[in-house]
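Full structure from sequences and hints, please.
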Amino acid sequence: MTVFASPDGPLLTKVHRAIQYFFSTGLILWALLICAGLAAAQTHPNILFILSDDHRWDAMSHMGHPVVQTPNLDRLARQGIFFSNAFVTTSLCSPSRASFLTGQYAHTHGVVTNHTPWDNRNVTFIELLKKAGYATAFIGKWHMPGDGLPRLRGLDRFVSFTAEGGQGIYYNCPLIIDGVATDRPGKYITEDLTDLAIEFIEQKRDAPFCLYLSHKAVHFGFRPPPHLKGLYKDADLKLPPESDTWITFTNNHPFVGALFPMNALYRGYCETVVSLDEQIGRVLRRLEELDLIDDTIVVYAGDNGHFWGEHGLYDKRLAYEESIRIPFIVRYPKLVRDPGRRAEQMVLNIDLAPTLLDLAGVPLPNYFQGQSLKPILASAHSPGREAWLYEHFPVFPIPIPGISAVRTRRYKYIEYQNNLRPTELFDLRLDPKEKTNIIDTPAGEQILENIEKEMEHLKKTTGYRYFTHG
Amino acid sequence: MERQSYFRRVVVPVLFLLGAMILSTLVYDLSRGVEHPVIHQILAHAGAIFMFSSIWLGALFANTMAFFRGAGFGERMLVCLATPLVWCLKILSGFIGIYSGGEFFFLLLHHFIIGCPLVAMLCMGISEIWCRLIARKGHGHRSIRIFALNNSLLLLLSLVLVTLMLWNGGHSYYYLYMDAYSRLFL
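Heads up: the protein sequence lines correspond to chains A and B, in order. For the first sequence, the residue numbers in my numbering are 1 to 470. For the second sequence, the residue numbers in my numbering are 471 to 656.
No lab work stands behind these hints: they were computed from the structure. A few of these clues could be false.
[Stated by the list, open to error] Within a straight-line C-alpha distance of at most 25 angstroms, the following computed DMTMM-like cross-link-like pairs (lysine to aspartate or glutamate) qualify:
1) A:Lys433 - B:Glu505
2) A:Lys460 - A:Glu386
3) A:Lys433 - B:Asp499
4) A:Lys238 - B:Glu545
5) B:Lys560 - A:Glu415
6) A:Lys334 - A:Asp295
7) A:Lys435 - B:Asp499
8) A:Lys131 - A:Asp236
9) A:Lys130 - A:Asp206
See below:
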C-alpha cells in the first residue's frame, strides 16, 4: 500500500492504465482488422462469364467498327477494363473453349482440335469454384467432341446442345437441360440461353454464383433474330481492300464449309453481333435490377477471331492477328479503380481460370498455365507477359498445316508443320497488318536467333508436344 | 456427224476448258494485288465467275463441243472430267504433308473432291439431252435416242448422288463423312 500511496503511485497507475488501454484498444483494433480482412477474403463475388463464338476483337462500336453498334458491350468496356491485346493460344472453338475452362494450353488439356474429345479428368475452374462454395451453372455451347455431353463435375445446372455436331442452330435448337433433351420450338438461341441465364441469376441463394454463359452466336450460320434481319443490308461494309466476296469459295476455303458470298455472310455476322449485344444488355440490366451488378465479376470474351478478307482469308486458325485476337472485357468495380481503361498488356484465354479463382479468393492449382490478371485489373502499371506461344494442330479436312508461333509485344514468328509454308517473321510495330515477311531481311536476321530461342523456351516451359491427328 | 480427229474432238475441248480455268484463276489471284478498288473488284468478279463456271459447269459446254465433233461417249466423259480432275489434284496437293496417307485417301470422299466430278457428270448428262435433241431435229440424225441407256444411267446416278450430297445444305453428308472419319482415324 505504501508503494501505491507514494507520490509516484497515481502516476504509475495512470501509465499502467494507459498501457492497458493502448494494448486493449490495439487488440480490439487488430481483431477488427483481422475480422475485416477475413471477411473481405471470404466475400466471394458472383461471377458471370459470357463467351461468344468467332466474335472479332474489333467488331464492337467502341472499337470504331464502321458497321456494328454494340451499346451494351461498349458500356461494359466503359465500366470495366478492355484488354486491347487479348489473344487465344489456339484459334479454334473447341481447343480455345477448353483453355478458358482449364487455364491450360491445348497440348495440355488435350482438346487440340474440334475432333479430339474432352477428357473428363480435366478440372475446370467451375469445379474449383463449386468446391469453394459457389452455386454453379454452365449454360450454352459446349462443342467439344466426346460421347454427347461430358460429365462435368461441380455443376448445379448444365444446359447445352449437341445439334449439328455441337455447333447448335440459331432457331429452334433443342437443348439438353440437366440431362433432359428438350425441344425449343420458336426460340432464337441467343435469347433462349439468355432467358435461362437470367432464370439462374434470379434464384434465391445464400452462396455466390458462377455462371458460364456460352453463346452459339456469332458462329457461322450468322442468322440474326427476325427483328434484326436486314439491319445492315445496305451498309457500306468497308471490308479490307484485298478482299472480295468470292473468298469463301476460293483458296481452299470451301473446306471450311461456308459456301455463300462472303459479303452476304458478313452482313449476317454484323447483325448477329448486334443480337448478341442486345442479349448481353438484358443480363446486365437484370443484374442491376437485382442490385447484384457491383457484386458480380462480369467477364466477356470471344473464343477466337475471324478473317473477313484480310490476307485474302476467311475463317480463323492461322496465327495472324485477325484470327488470334479476341474481345476481352472485365467489369468488377470493387477492384477496378479506373474504369474505361484499355489495358495494353498481352493476356490470354488461359488467364481466365486463374483470374476468376484469384478474384474469388480460391487458391490457384499449380497446373494452371495462365496467369491471374488481378494485378493488371488493380493497376495499369502492372507488367504483363513479354511473349507467349501460339499453337494450332491440323484439323481434318482443312488444308492448314500445324502451326507454332511466338508473339512478343513487337514481333511475331510463325513456323509451319514440315515447313509446308515459309516461316514468317513480322514486325508488328512497323507492319501491324502483317504484310511483309522480314525473315530474310537484315532486320529479321537480327531478331531471328532470339525469337527462335524464345520459342524453344516457351515450348519447354509449357511442356509442348505436337499432335498429328485431329 | 463427222468424226473429227482425236485432237479436235477430245484434246481441243479439254484444252479449251483447262485454259479457261487456268486463265481465270490467274486473273482472280492477280486481282488481289491490284490496289485500284474498282479494277480489283472487276477482276475478282470476272476471274471468280469464269473459274467456277469452268470447274463446275464447264462440262455443259465441253460436252457439247466434243459431241458435235464426233467424240464417243467415253471420250466425252474424259473431256468433261479432265478439268474437274485437274482442279481436284490441285486441291489435294494442298494436303500433302499435313495428314497421313489414310486420311489423304479418305479425302477423296469429301464432297468437294468427289462432288466435283459428279457435278461434271450431271452437267454432261444434261448437255447430252440438248445435244441429242439438236442432233435429231437440227441435223436430222433420227437414229440418235435422246434418252439412251448410258446417258440416262449417267444422268440418274449423278443426279441422285449430287442430291444426296447437297441434302440439308450438305450438312447431312458432311456429318456422316466426319463421323466416319472419327471412327476410322481418331
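* Asked: Do the alpha carbons of Lys433 of chain A and Glu505 of chain B lie within 25 angstroms of each other, as the hint requires?
  -> Given pair Lys433 of chain A, Glu505 of chain B holds - Cα atoms ~16 angstroms apart, limit 25 angstroms.
* To do: Mind checking the alpha carbons of Lys334 of chain A and Asp295 of chain A for me, to see if they're no more than 25 angstroms apart?
  => 8 angstroms, holds
* **Pair hint Lys460 of chain A and Glu386 of chain A, alpha-carbon separation not exceeding 25 angstroms** => Judged against 25 angstroms, a Cα distance of about 16 angstroms means the pair holds.
* **25 angstroms Cα cutoff - pair Lys238 of chain A, Glu545 of chain B** => 48 angstroms, violated
* Pair hint outcome, Lys435 of chain A versus Asp499 of chain B [Cα-Cα no greater than 25 angstroms] -> 16 angstroms, holds
* Hinted pair Lys433 of chain A and Asp499 of chain B, Cα distance within 25 angstroms -> Holds: Lys433 of chain A and Asp499 of chain B sit about 20 angstroms apart, inside 25 angstroms.
* For the pair supplied as a hint, Lys131 of chain A and Asp236 of chain A, confirm whether the alpha-carbon distance does not exceed 25 angstroms. => 51 angstroms, violated
* Between Lys560 of chain B and Glu415 of chain A, does the CA-CA distance stay at or below 25 angstroms? -> 23 angstroms, holds
* Is the Cα-Cα distance between Lys130 of chain A and Asp206 of chain A 25 angstroms or less? -> 13 angstroms, holds
Hint compliance for this structure: hints 4 and 8 are broken, all remaining hints hold.
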